[in-house]
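Chemist: One line per chain: the protein sequences are A and B, in this order. All residue numbers in the first sequence are consecutive under the numbering used here, ending with 1183. All residue numbers in the second sequence are consecutive under the numbering used here, ending with 139.
I should point out that these hints are in silico values taken from the structure, not numbers from a laboratory. Source: prediction; values computed, not measured. Take the hints with a grain of salt, since some may be wrong.
Claimed, not checked - Straight-line alpha carbon distances no greater than 20 angstroms define the calculated EDC-like cross-link-like pairs of lysine to aspartate or glutamate that follow:
| id | chain 1 | residue 1 | chain 2 | residue 2 |
| --- | --- | --- | --- | --- |
| 1 | B | K67 | B | D127 |
| 2 | A | K990 | A | E851 |
| 3 | A | K1176 | B | D66 |
| 4 | B | K30 | A | E1147 |
| 5 | B | K30 | B | D42 |
| 6 | B | K5 | A | E1098 |
| 7 | B | K5 | A | E1180 |
| 8 | A | K1176 | A | E1147 |
| 9 | B | K41 | B | D127 |
| 10 | B | K128 | B | E70 |
| 11 | A | K1165 | A | E788 |
| 12 | A | K919 | A | D971 |
| 13 | A | K1165 | A | D891 |
| 14 | B | K98 | B | D66 |
| 15 | A | K1176 | B | D(-3) |
Below are the chains, spelled out letter by letter.
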Amino acid sequence: MSTGSPDSLLPDGETLEELSNSPRATFDVEKIRAEFPVLDQRVNGHPLIYLDNAATTQKPRSVIEAIGSYYSNNNANVHRGVHELSQRATVDFEQSREKVRNLIGASSIEEIIFVRGATEGINLVAQTFGRTRVRAGDEILITTMEHHSNIVPWQMLCEQVGAKLKVVPINDRGEISLDEYESLLGEKTRLVAAAHLSNALGTINPVHEMVRLAHEKDIPVLLDSAQGTSHLEVDVKDIDCDFLVLSGHKMYGPTGIGALYGKKEHLSAMPPYQGGGDMILSVTFEKTTYNELPHKFEAGTPNIAGAIGLGAAIDFLESCGVKALMEHEHEVLVYGEEALRNLPEVRLIGEAKEKSSVLSFVVAGVHPHDLGTILDHQGIAIRTGHHCAQPTMERFQVPATARASIACFNTKQDIDALIRGIKSAIEVFT
Amino acid sequence: MDLRELYQDLILDHSRKPRNFRTLPSARCAEGYNPLCGDRIKVFVNIEGNMVKDVCFQGAGCAICTASASLMTDAIRDKTEEQAHEIFESFHRLVTSEEPPKAEGIDLGKLSVFAGVREYPIRIKCATLAWHTLRAALDKETEAITTESTD
Ligand SMILES: Cc1ncc(COP(=O)(O)O)c(C=O)c1O
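Using the sequences and the accompanying hints, generate a full structural model.
Modeler: So this is what it looks like as structure tokens:
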């Protein structure tokens, strides 16, 4: 988040200044760091500084223990056993669904489908909602800053039904213009699919406005909130989006689990995604009756441990306080941006007014890949490459960037180490 | 391990001032791409008889990739195609094998500065991209090759 129109990010009547003046007793970064066992190690002889959270966040002890405890104490299949363990597993699994619902403010657990991750959530919508609602000649609107997982499933759908993919351009700061967006919402647009928070640029899209403009023309909106739920307050009723996907491993939870939120009216009308056990009420060879929501979309034995881990991750996020965490991360982000701007060799990629958690940049004379190796030597983990967003890289005419991405446990000291590392790389190469 | 074993002076020099960094019209040409880091280079070779008369490259890559392409062009000029393939094999072993390279009868000369790469598995593709691309050009393959399946 950033200064600028704060209505989407801050609670009613509060300004950023008031927020940063409010007591910080709730957010003790040292205490939070201590919750992450993995941070307590040396890499290549230096204390680990983990700045690759947009790729995947580290996991707090409570998440690791929740997964271990499920396997040690309660392991059983869900929704199908009368025995004690199966009941325990089912209760914990379904409690996690309730935690997801509560985190994003959905109306009902029927609207929360467990999936493998953001990618599977988007594919599910493309192949069910998309296959039944999008016809030859129709259009799907995405933005230039999308992750490949919010591009390719739509391209596949377009190919299958003969539809066209349209793309909202972005400016040099990495922002879409709402005017251009509005002009691309046409007669033939059947769906908007947009990043909530861009993993490559850190841009926070004006999702409230985007949804409002699309709904004026009866166009539903899917938000890719893979990066959103760990850095922003997300309220699907307030945003009024039709679909939203989130990813466990980007929000302190395990890999292989995520969730799709969909408005009940859509989910009820959509055909199932995969067929199998759990998604049916009755099967004969003549006719199968599908199960109720959300189970209709959850064929097969789900990732039970993953869902339970995700539940623990949501507890962790809420114990930090999402607002306090946003404030902390914003401070580190602004500190990092200033420090990077002070290096004449550095060009920031992505300078949106509304921004969160991502420092994407290139260094004159130092290829991102070389920078990544040199930083790794100092125990600093960043991501280098195209971040699964090749069209975004093309827009900025760079083959790759270096990206430091911030989580709740990162500090200004981490940024200081990063800057020292970048300086040492510049020394090697120039 | 000391970073300077990877980034030796000769590598830094060739990455800053790549040799034979140009195009050759009417030559065999192939393009190589490493999707992991976005490195993309084109290698051009002119063959006369079976001799590599001229070889050059263009593109954008990291220091390891650029220096490797630059030193490669120096190493294979005026060699026969067979010799070029042999140098490729020998170079490949140098940067990939667990064991330090045995004496092989082929003197890699300046190319031995890339020995440090084998300590950085993720960077091996950077060092070999130009070479895979060269081989594709020699074989007159025309499609872009990637490093994904070749190492
Ligand atoms: C913006 C964005 N969307 C989608 C994804 C894919 O998420 P998942 O790994 O959960 O499939 C990512 C992860 O890199 C992402 O950053």
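Chemist: When the hints from earlier in the document are held up against this structure, which numbers fail?
Modeler: 3, 8, 13
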